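Model the full assembly from the supplied sequences, consistent with the hints where possible.
Top line first, the protein sequences correspond to chains A and B.
If you want the numbering used here, it's the position in the first sequence, counting the first as 1, plus 392.
If you want the numbering used here, it's the position in the second sequence, counting the first as 1, plus 392.
The set of hints was computed from the structure by calculation and includes no laboratory data.
Just so it is clear, the structure is predicted and the values come from calculations on it, not from any experiment.
Wrong hints could be hidden among the right ones.
Said to hold, decoys possible - For each label pair, taking beta carbons as the anchor points, the in silico distance ranges come out as:
{"id": "1", "chain 1": "B", "residue 1": "D646", "chain 2": "A", "residue 2": "A656", "range": "37 to 43 angstroms"}
{"id": "2", "chain 1": "A", "residue 1": "D614", "chain 2": "B", "residue 2": "D816", "range": "52 to 58 angstroms"}
{"id": "3", "chain 1": "A", "residue 1": "G474", "chain 2": "B", "residue 2": "P815", "range": "32 to 38 angstroms"}
{"id": "4", "chain 1": "A", "residue 1": "E779", "chain 2": "B", "residue 2": "Q458", "range": "32 to 38 angstroms"}
{"id": "5", "chain 1": "A", "residue 1": "R788", "chain 2": "B", "residue 2": "T548", "range": "50 to 56 angstroms"}
As the list claims (entries may be wrong) - Stretches of chain A that chain B covers, calculated by requiring three or more beta carbons in the stretch to come under 8 angstroms of a beta carbon on chain B:
{"id": "6", "region": "451–457"}
{"id": "7", "region": "483–490"}
{"id": "8", "region": "687–699"}
The beta-carbon is built from N, C-alpha and C at its ideal position, and this holds for glycine as well.
Protein chains: 2
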Amino acid sequence: MSRITSVHTRDVRFPTSLELDGSDAVNVDPDYSAAYVTITTSDDETGHALVFTGGRGNELVVRAMQSYGELLRGRDVDELLGDMAAASRLLVHDSQLRWLGPEKGVSHMACGGLVNALWDLRARRAGKPLWLLLAELPAEEIVRAIDFTHIGNALTPEEALEILRRAEPGKQERINELQQHGYPAYTTTPGWLGYSDEKLVRLCKDAVAEGFDMVKLKVGGDLDHDRRRMRLAREAVGPDVKIGIDANQRWEVDDAITWVNALAEFDPWWIEEPTSTDDVLGHRDIRRGVAPVKVATGEAVANRIVFKQLLQAGAIDVMQIDSTRVAGVNENLANLVLAAKFGVPVCPHAGGVGLCELVQHFSFFDYAAVSASMRDRVIEYVDHLHEHFAEPVRMRDGNYLAPRAPGIGAEMLESSLDTWVYPDGPGWRELEAGAGGEGRS
Amino acid sequence: MSRITSVHTRDVRFPTSLELDGSDAVNVDPDYSAAYVTITTSDDETGHALVFTGGRGNELVVRAMQSYGELLRGRDVDELLGDMAAASRLLVHDSQLRWLGPEKGVSHMACGGLVNALWDLRARRAGKPLWLLLAELPAEEIVRAIDFTHIGNALTPEEALEILRRAEPGKQERINELQQHGYPAYTTTPGWLGYSDEKLVRLCKDAVAEGFDMVKLKVGGDLDHDRRRMRLAREAVGPDVKIGIDANQRWEVDDAITWVNALAEFDPWWIEEPTSTDDVLGHRDIRRGVAPVKVATGEAVANRIVFKQLLQAGAIDVMQIDSTRVAGVNENLANLVLAAKFGVPVCPHAGGVGLCELVQHFSFFDYAAVSASMRDRVIEYVDHLHEHFAEPVRMRDGNYLAPRAPGIGAEMLESSLDTWVYPDGPGWRELEAGAGGEGRS
Chain A
393 MSRITSVHTR DVRFPTSLEL DGSDAVNVDP DYSAAYVTIT TSDDETGHAL VFTGGRGNEL
453 VVRAMQSYGE LLRGRDVDEL LGDMAAASRL LVHDSQLRWL GPEKGVSHMA CGGLVNALWD
513 LRARRAGKPL WLLLAELPAE EIVRAIDFTH IGNALTPEEA LEILRRAEPG KQERINELQQ
573 HGYPAYTTTP GWLGYSDEKL VRLCKDAVAE GFDMVKLKVG GDLDHDRRRM RLAREAVGPD
633 VKIGIDANQR WEVDDAITWV NALAEFDPWW IEEPTSTDDV LGHRDIRRGV APVKVATGEA
693 VANRIVFKQL LQAGAIDVMQ IDSTRVAGVN ENLANLVLAA KFGVPVCPHA GGVGLCELVQ
753 HFSFFDYAAV SASMRDRVIE YVDHLHEHFA EPVRMRDGNY LAPRAPGIGA EMLESSLDTW
813 VYPDGPGWRE LEAGAGGEGR S
Chain B
393 MSRITSVHTR DVRFPTSLEL DGSDAVNVDP DYSAAYVTIT TSDDETGHAL VFTGGRGNEL
453 VVRAMQSYGE LLRGRDVDEL LGDMAAASRL LVHDSQLRWL GPEKGVSHMA CGGLVNALWD
513 LRARRAGKPL WLLLAELPAE EIVRAIDFTH IGNALTPEEA LEILRRAEPG KQERINELQQ
573 HGYPAYTTTP GWLGYSDEKL VRLCKDAVAE GFDMVKLKVG GDLDHDRRRM RLAREAVGPD
633 VKIGIDANQR WEVDDAITWV NALAEFDPWW IEEPTSTDDV LGHRDIRRGV APVKVATGEA
693 VANRIVFKQL LQAGAIDVMQ IDSTRVAGVN ENLANLVLAA KFGVPVCPHA GGVGLCELVQ
753 HFSFFDYAAV SASMRDRVIE YVDHLHEHFA EPVRMRDGNY LAPRAPGIGA EMLESSLDTW
813 VYPDGPGWRE LEAGAGGEGR S
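Following this line, the structure appears as structure tokens:
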């Protein structure tokens, strides 16, 4: 019998704040980081996953994965992988640990890391990329993997099954199509708040040349500044390329409405995170106030229960799931089926470190087996840090190409892990030496 | 100049799961625990606080307080205590750490612990219990301490000032009244789900004899069981004593309505935590479905933004603030003033370890300087673990007596901290030896 023998964690950080990559109105100086986890079995199989954070605090997710890891150590691998719903519940609903959330923040993200590492293990065993493994599972098994706790008034198992059954005709054709052409992306690379106008314009033009139909700009620091950048971006990309704008929760509800309307002449496609993602009713009011500009959110939505309400309240036009915020694959299955129930397109959040590699699987699966549509659906793409991954995303003509390697895509190169482990990796040591020994974090 | 010289943390746990104290439909086996923090200054002043947890995972809040503590170490004490809003923002809105919430879960609770320790320091300097320090501050200073971020569409600083000004007449009389008679409590001691019928009845009768006008029962495990216990409790306390019931988030929305209506003949006063506290819209629907039974929630509400929506949506009759879930005194000031704005009574959550000692201050302050009313307002009381505190709560005739010692009330006895520090305290060592060395956690 195969057992879980170790849950090994590493605190890996990249000094992205030096270049202001990833800078927005709220996250002014992130050091993109990964709380990295490797589960090993007594048969020497491994499952890898990571949780993305902004730098300081990465150690807390690492520590939380160690605590939750104690619940997995020694367990029968076949039993865990044979009932992923039970495996997820074992972590998410632990009777003592759940007080720390429940189902939100550090503890929930850590659960997600471990759940994803188990799915990675399972997909590797099956020799398939996660999206294909999921797409080929019977609808009943997908439904069994979903935790319907506290979403029963919006989605029942019977409804979920019906939604998945409805997508069965044509599934194999869509899988073939995905394998040939991939899935459309948009790029946030041009629009970080810390970039100069010149860099913004150049990167916008590059994006169009590379085949992207949509770019995204960070806004919310200063309105005049945003109007200037938005004008420059619109001139650079022309009238037909969509421009998303993203305030990273910077605004009060009324400010959001005023600000977005002041940018309306430049035809923004969506406003992302206009206010706190906890504020379901606020998003509903903003949506009414800024239409026809769409409202998008999700990268900081803590769990399926908040997504449920955003959908019930008619508060969002676009659901932006994140691969490492919620409790892993299982909870994102719930999110995808909820979105399908309410007819809201899912456009995943990505970027950071590893988020592109992980989250692409959910859109590929969504097209193959859930919504069966690409209409108004795009996966975020940011051109950072892919070189550290064993299987980096592959882009062509503004599309993500279908992942082929078995697993969930989170595995990083050992050399990268070694160099950037924090604070003692040689990458950090060198930076510290360069900064006159002052250090940074 | 006085500086913060250390932020010292301890992981303290009590083996309450052995007696099923604190057992409910969701928290089946809690070991009541405190992530305990002591801030020390270069003048050898100290501030103490704690964050309550259910056992496993206490180490994560401890670790998070260490991480956030780095942001305080070396800082000027006068500057911190002179602008508590800035001190709170420094922690809560740290540009990298906020990704971990934002403002929820482990990271937010840890911020709350540190903010509370700073308030403890400030109250000790002033030689006053926290409630009296707050009650005697000018209204302007209370308003300045509130973080209005993301609640601006429900409460403005001007409105907050007006609410506090309205309560100024009679403030000194109410302070005198509080010092003489205290503040009404209700007791949850009888109603834990793990207690026998005989113990339930005996403790209900004891509660009435001790002067309590309200008791609370845990429900949500099994309906027949709940009906039997509710009938026994009603018979034991008579028709005039209120009985709150508490499902600890056990139910789906529809189940909650059915279940509460099935208990209605026993005249429950409120249903607490009928479903996920993230589910604002669910609470609204439940409230409509179970009236005139009131709906109460709050011990797991992550922050002021969720409370704001519960109030905006008309989803609750009773707001149950908790002293160690949100970001400390500052955020609870926001919660109290929000409740006053919407005319909803605040009945704080307590119990656990230390929660009674801390949270009483908010009700005393509320009566003195915010709502100026005790109507339908009670503080939860549970008779556990008070013996470990330097200044345990004092009860008389079902009332909390006004705290007199300077500070926030969280300071524990060194002997208790030493005995129950986890896992190496002698209390835990002995239990482990008694369990044949098998250990537990």
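Here's how the hints hold up against the structure:
1. B:D646 with A:A656: 37 to 43 angstroms: 41 angstroms, holds
2. A:D614 with B:D816: 52 to 58 angstroms: 53 angstroms, holds
3. A:G474 with B:P815: 32 to 38 angstroms: 33 angstroms, holds
4. A:E779 with B:Q458: 32 to 38 angstroms: 33 angstroms, holds
5. A:R788 with B:T548: 50 to 56 angstroms: Hint holds: Cβ distance 51 angstroms, inside 50 to 56 angstroms.
6. 451–457: With 5 residues close enough to chain B, the hint holds.
7. 483–490: holds (count 5)
8. 687–699: With 5 residues in contact (Cβ-Cβ under 8 angstroms with chain B), the coverage given for the region 687–699 of chain A holds.
In this structure, none of the earlier numbered hints is contradicted; all agree with it.
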